[in-house]
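So the sequences go chain by chain: Y and R. Using the working numbering, read the first sequence as starting at 28 and increasing by one per residue. Using the working numbering, read the second sequence as starting at 6 and increasing by one per residue.
What the hints contain is simulated information worked out from the structure, not anything from laboratory work. Some hints could be false.
Taking lysine-lysine pairs in the BS3-like style, the calculated list, with each CA pair at most 25 Å apart, reads [as the list claims (entries may be wrong)]:
(1) Y:136 / R:123
(2) Y:91 / R:147
(3) R:60 / Y:184
(4) R:64 / Y:142
(5) R:60 / R:115
(6) Y:99 / R:115
(7) R:64 / Y:64
(8) R:147 / R:105
(9) R:109 / Y:142
(10) R:60 / Y:111
(11) Y:151 / R:123
(12) Y:142 / R:105
In this text, all values refer to a predicted model and were calculated from it rather than measured experimentally.
Here are the chains, one letter per residue:
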Amino acid sequence: MARSKRGTPTINSSSMADIAFLLLIFFLVTTTIANDKGLTLQLPPHPDEVDQEDVKIPERNIFKILINSSDKLLVENEPMENSKLIREMVKEFVLNNGVNPKLSDSPLKAIVSIKTNRGTSYAKFIEIYNEVQGAYYDMYADRAGVNNKRWREIASKTSDPDNKRIYLEARMDFPMQISIAEPNN
Amino acid sequence: MHKFKKKTKSDPEIPTASLPDIIFMLLFFFMVTTVLRETTINVQQRIPRATELRKLQRKSLVSYLYMGQPQNISMFGDEPKIQANDVFIEVNDVIMWVEKEKAKLDEVEKDQITIAFKVDEKVKMGLISDVQMQLRKANARKLMYSTPQRADE
């Protein structure tokens, strides 16, 4: 009986850290952190599929943004340098509700039109599109009583019933109408 | 002299028993948060940044299109090209590519396919609008301009 009295056997685990390190470094090198964020957009149907009908939209209900091939801006027929101003202009235009005769009748009728040239750079387009979408997100966030960032989280996760309710309420009679026109040559 | 001799203790050692646990924790973090890179991107990708980003609801419905100048200019020229799943495609092939991507999804989810653009900042809008026209034709109308977050907010 006295023979069995030895120290408890242990496995030497000092190399465990090395093995784990090796695996860790492998995953660090071979993987990229998932990045699935961006600016969303819904394209209209193909022109051949819908009946082409000329609808006259009053000048006041369209907010025109033109970008030429050298990335210069023309906003409501005025040249503009600072694209940051667009956000406030869009908000003023959409929320006018018929007060100023030059701006929109109501948010329902307001359309923001972005027209580029074929030579416009993608970077400039994204910059402008970002400002216009941002303006709409700001307005939705105001209606829902949250901040812009929270609004985008809500809009990205409408599978949650609470989020869906807030989302539909804020967007009621307040569509995001951003038209991206065919670029000209 | 006797007093000094007393100081001989067991030599100090940092216990390393918990080290594997710490490393394993890091390992699991990286395993969970990352996805294996599926395609080698053969076009330049300096993507413009934006602030008003939204997250995609379901990642399985997303197909990526990469556009930019080819990395290997001597072989493919310096005109911007479209890359889809490891190969360069022409604008006219976009419809076929969309159909192939749709075939991978369940019947009920086919209309919900989302195309994510990863486009280099130097690409011109002409190419983008040509591709968008093809997507409209292919009835894949959910689109996302995939961009990283701009820092100033």
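* **Indices of hints not satisfied (ascending)** => Numbers 1, 4, 6, 9 and 12 - these are the hints that the structure violates, sorted from lowest upward.
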